[in-house]
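Undergrad: So the chains spell out like this:
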Amino acid sequence: MSMSLDSPEIILPGDPLPQLSPLLSPPSTETSTSTTDTKPRSLRLGPGLTLSPTTPSTPILPYRYGTLNLTSHTKRPTASILSTPRHYHPSTNDPVLVTLLRTTAEQFIVQLAPYTPPAIIPFENYIINNAGTTASARKSRPNLPIGATIYARVAVVHKHLESVELSVPDPTFGEVISQKNTSSSSSSNQKNKKESSTSISAGTTTGASSIANRAEVTPYILSTSQPMTKLLLAEETLGKPLLSAVASKVPFEMIVGKNGRVWIDATTQKEVIQVVRCFKEFDEAEAWNDEDGGLAKGRQIVGKVCGK
Amino acid sequence: MTSSPLIPEISLNPLPQSDGSCQYTCPTSRTTILTSVNGPLEVRPKDELPNHATIEVIVKPGIGVAGVRETRLSSLIHSTLQSLILTNHHPRTLIQIVAQIVQAEDHTSLPLLLTPLLNCTILSLLIAGIPMRTVGWSVHLAVLQNNSRGNFKTAEGQVFKLEEKTGGNGDKMDTEENEKAVAVVVRNPNSEILGLAKSSHTLTFSKEGEMLLIESLECSQGSGGESADGQGWDITDFLKLAEEGKRICCEEGVEIVRDALGDRKVF
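Just so you know, the sequences run in chain order A and B. Every letter in the first sequence is one number past the one before it in the UniProt record's numbering, and letter 132, counting from 1, is 132. Every letter in the second sequence is one number past the one before it in the UniProt record's numbering, and letter 40, counting from 1, is 40.
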């Protein structure tokens, strides 16, 4: 356990977690001090932790390596193991970008990540318009082309269920279409324009004017690693060095799915490619692992790709 | 990384497309293994288990095509990992482990390959975030005849005698002052030392000191074929050896894992 003091201690699977003992409030009537019969009353276990009766000091077993993330000051304390495995493990309420594989009588079959069992979006989970009516009725059923990209939310994850269930709960979710392309193919019934959840712009806001008068642009869907995805989602903290560096050169819009897919749109095709290259090179260099959070590397890449 | 002669060279995630990968070079025998772990993946229907994840271990040989030896290695790794991985966390899925032997002194020797394979696999499982009950580490110990006069080279701290409890820095040359026949143990031997050995023991222990794997074999070269009954080692020697192996796995091995993973940023 000779970890350096500046970095939090790495927890290995099976490590005892004595620091969690005070949070496991013992039954109020008994004053037994033995930790074996204390049950976690109020502590919420996040990813990476599970209950196990056999662990030495607390009945909580870490099953992944990482650092312990403990919020004990809130009303309901939570503990989890922070780690960034490359594989995406769906958890409820995660925003994801999925690809439509096929449509059945009751649901869309979509893909979350390569080589994993497909996820489903039941039609009753698909809210199609601003009025909030569901698409369960046959005539109002959404008609999406195979291969369409859908921005959805993870609704149900259970390890014993057949597949992960997603939902499109409100108009901020739905099929992801480039604003430009929608206006050109407005005859189709794809009215659920996706207002991008994360829009970064340099200087002036990406108003309607910049989008309306641009030429035909195909947005890009970039696959990113899990650390990179976390970085892009945390746009105000972790991702700020990179995102502001890119946005100072190229205004762009992006939608980040936690499953490691990022939808990138900009005013010209060249700019789309530039943003994609910046993200890709940053990711491939594993710059998030740098001491400065990728600040220097991000600047260097942006300078190289977008010019001075 | 090569500060100590007994610390293996570990490179984490050398393969960009796999969920977790590791390249491991044994410090003394220079056996190099590359493993990749992917999972949980979609499982083939015939391998599907209703309540557990299927663990698949594929060992790819450094030379030639895979045969019985690789099947044997993969079944040993599989049975060791079965008790480490919490397979009930991802039912009806597949955890696929592929181990490639990159470099080895002797591609036909099971004991020389097994320890690097196991250690490398455990590191890549950790990196891949596969749910595990605990962490294990493996060590290979070769028992040498006391009178074997081979002038082999060993690293500092690689050799210890079974009599002294502390172990550590016993030098092979010190054995001549000892009248009693004291077995000399070399940890992670190379093929030259293994050739002189009386017996070879691959031991795997979990962090808590549970024994996960014992793979012992008698080597005819060192013993000169004197024990035909298959008992090439003494049980008291073996118990001492196991004690030392446990110490190496639980203290040094776990320290190596912690140091290797501690370099990585987690957020």
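Do not take every clue at face value.
[What the hints assert, rightly or not] To give an idea of the interface, some chain A residues facing chain B are shown, with a C-beta separation under 8 Å as derived from the structure:
#1 Val157
#2 Lys159
#3 Ala285
#4 Asn289
#5 Cys306
[As the list claims (entries may be wrong)] Residues from chain A that keep clear of chain B, each with C-beta distances beyond 12 Å, as calculated:
#6 Pro8
#7 Pro13
#8 Arg64
#9 Thr67
#10 Ala113
#11 Thr116
#12 Ala155
#13 Pro251
#14 Arg277
Please keep in mind that the hints were generated in silico from the structure rather than gathered at the bench. Using N, Cα and C, we set each Cβ at its ideal position, and we do this for glycine too.
Undergrad: Each hint needs a verdict: does it hold in this structure or not?
TA: Evaluated hints:
no., hint, in the structure
1, Val157, "violated, 12 Å"
2, Lys159, "holds, 6 Å"
3, Ala285, "violated, 11 Å"
4, Asn289, "holds, 5 Å"
5, Cys306, "violated, 24 Å"
6, Pro8, "violated, 8 Å"
7, Pro13, "violated, 4 Å"
8, Arg64, "violated, 5 Å"
9, Thr67, "violated, 5 Å"
10, Ala113, "violated, 10 Å"
11, Thr116, "violated, 6 Å"
12, Ala155, "holds, 19 Å"
13, Pro251, "holds, 27 Å"
14, Arg277, "holds, 17 Å"
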